[in-house]
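Take the given structure of chain W and dock chain V to it, following the hints.
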Amino acid sequence: NAGVTQTPKFQVLKTGQSMTLQCAQDMNHNSMYWYRQDPGMGLRLIYYSASEGTTDKGEVPNGYNVSRLNKREFSLRLESAAPSQTSVYFCASGGYSTDTQYFGPGTRLTVL
Amino acid sequence: AQSVAQPEDQVNVAEGNPLTVKCTYSVSGNPYLFWYVQYPNRGLQFLLKYITGDNLVKGSYGFEAEFNKSQTSFHLKKPSALVSDSALYFCAVRKGDYKLSFGAGTTVTVRA
Chain W
-18 NAGVTQTPKF QVLKTGQSMT LQCAQDMNHN SMYWYRQDPG MGLRLIYYSA SEGTTDKGEV
42 PNGYNVSRLN KREFSLRLES AAPSQTSVYF CASGGYSTDT QYFGPGTRLT VL
Chain V
570 AQSVAQPEDQ VNVAEGNPLT VKCTYSVSGN PYLFWYVQYP NRGLQFLLKY ITGDNLVKGS
630 YGFEAEFNKS QTSFHLKKPS ALVSDSALYF CAVRKGDYKL SFGAGTTVTV RA
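Chains as they are written, first to last, in the numbering used here: chain W, -18 to 93; chain V, 570 to 681.
Worth flagging that the hints you see were computed from the coordinates, not collected in a lab. Think of the CB as a built atom: it goes at the ideal place given N, C-alpha and C, for glycine as much as any other residue. Treat each hint with caution, since some may be false.
No farther apart than 25 Å at their CA atoms in a straight line, the calculated lysine-lysine pairs in the DSS-like style are these [unchecked claim]: (1) K664/V with K618/V; (2) K38/W with K664/V; (3) K52/W with K664/V; (4) K638/V with K664/V; (5) K(-10)/W with K38/W; (6) K591/V with K638/V; (7) K664/V with K646/V; (8) K52/W with K38/W; (9) K618/V with K638/V; (10) K646/V with K52/W; (11) K627/V with K646/V; (12) K38/W with K668/V.
Rough simulated footprint, nothing fancy, chain W against chain V, three-plus residues with beta-carbon under 8 Å [claimed, not checked]: (13) 614 to 626; (14) 671 to 677.
Same shape as in the complex, but just chain W (with noise of 0.2 Å):
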């Protein structure tokens, strides 16, 4: 039992390059998260995707995508990134309401 997996690790860009960064969990959650982690500022959320089939804006979703290819897996794509979006991406999933939401290990992302 893994959790919440994330790929990669660590991620260096150029300005106007793509990427598309992956989360798998193995939970058997029906919900999933992108987060991102800036200093000072907490984790704001980017999309969701509260089940199979469906995905949601989070906070700041400007400059980003998300595909929720089955109940396993759950995208996030920079199309063209900036450096503003240089910074710490988590995944999580986790259930309804009261359900705690569970923390893949990071994906570290420099736009340069």
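Relative to chain W, chain V alone:
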């Protein structure tokens, strides 16, 4: 408006002394409150949550938190801190059916 506030950026305590990390919230209705801990270069780990019932919630690693509705607070406590408790602590509140709103985080340093 911020839903969760952690008024202290940093908390420093000596090993063996009590540790308190403060959190206040501002959501309508009954709040669902969470505490997470993040060790360096790791993802967030769930510590405890308050949903309903007893105002004192016990969690992992000897931590507990006290829900105070009149003061809209959910402070994290540990009676006797360890050096290994040094980490970044986040308070969060459920917003809507699926989303968590996080505080900015409090860095705890426990000195030997």
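Verification of the supplied hints:
1. Distance restraint check for K664/V and K618/V: the Cα-Cα separation of roughly 14 Å lies within the 25 Å cut-off, and the hinted pair is therefore satisfied.
2. This hinted pair checks out: K38/W and K664/V have alpha carbons roughly 14 Å apart, not beyond 25 Å.
3. Note on K52/W and K664/V: the hinted pairing holds, with a Cα-Cα distance of about 23 Å set against a maximum of 25 Å.
4. At most 25 Å may separate the alpha-carbon atoms for a hinted pair to count; K638/V and K664/V meet this at roughly 17 Å.
5. Distance check on the hinted pair: K(-10)/W and K38/W sit about 24 Å apart at the alpha-carbon level, within 25 Å; holds.
6. With a C-alpha separation of about 14 Å, the suggested pair K591/V and K638/V falls inside the 25 Å cut-off, and the hint holds.
7. For a cut-off of 25 Å, the pair hint linking K664/V to K646/V stands: about 24 Å separates their Cα positions.
8. Restraint check: the Cα-Cα separation between K52/W and K38/W comes to about 18 Å, which is no more than 25 Å; the hinted pair holds.
9. Proximity of K618/V to K638/V is assessed by CA-CA distance (about 15 Å); at most 25 Å being required, the pair is judged to hold.
10. Taken as a hint, the K646/V and K52/W pair is broken in the structure, with Cα atoms around 37 Å apart against an allowance of 25 Å.
11. Between K627/V and K646/V the CA atoms are separated by roughly 10 Å; this keeps the pair inside 25 Å, and the hint holds.
12. For the hint linking K38/W to K668/V, the alpha-carbon distance of about 11 Å falls within 25 Å, and the restraint holds.
13. Counting residues of the region 614 to 626 of chain V whose CB lies closer than 8 Å to any CB of chain W gives 4, which reaches the minimum of 3, so the coverage claim holds.
14. Under the rule that three or more residues need a Cβ within less than 8 Å of chain W, the assignment of the region 671 to 677 of chain V holds, with 4 such residues.
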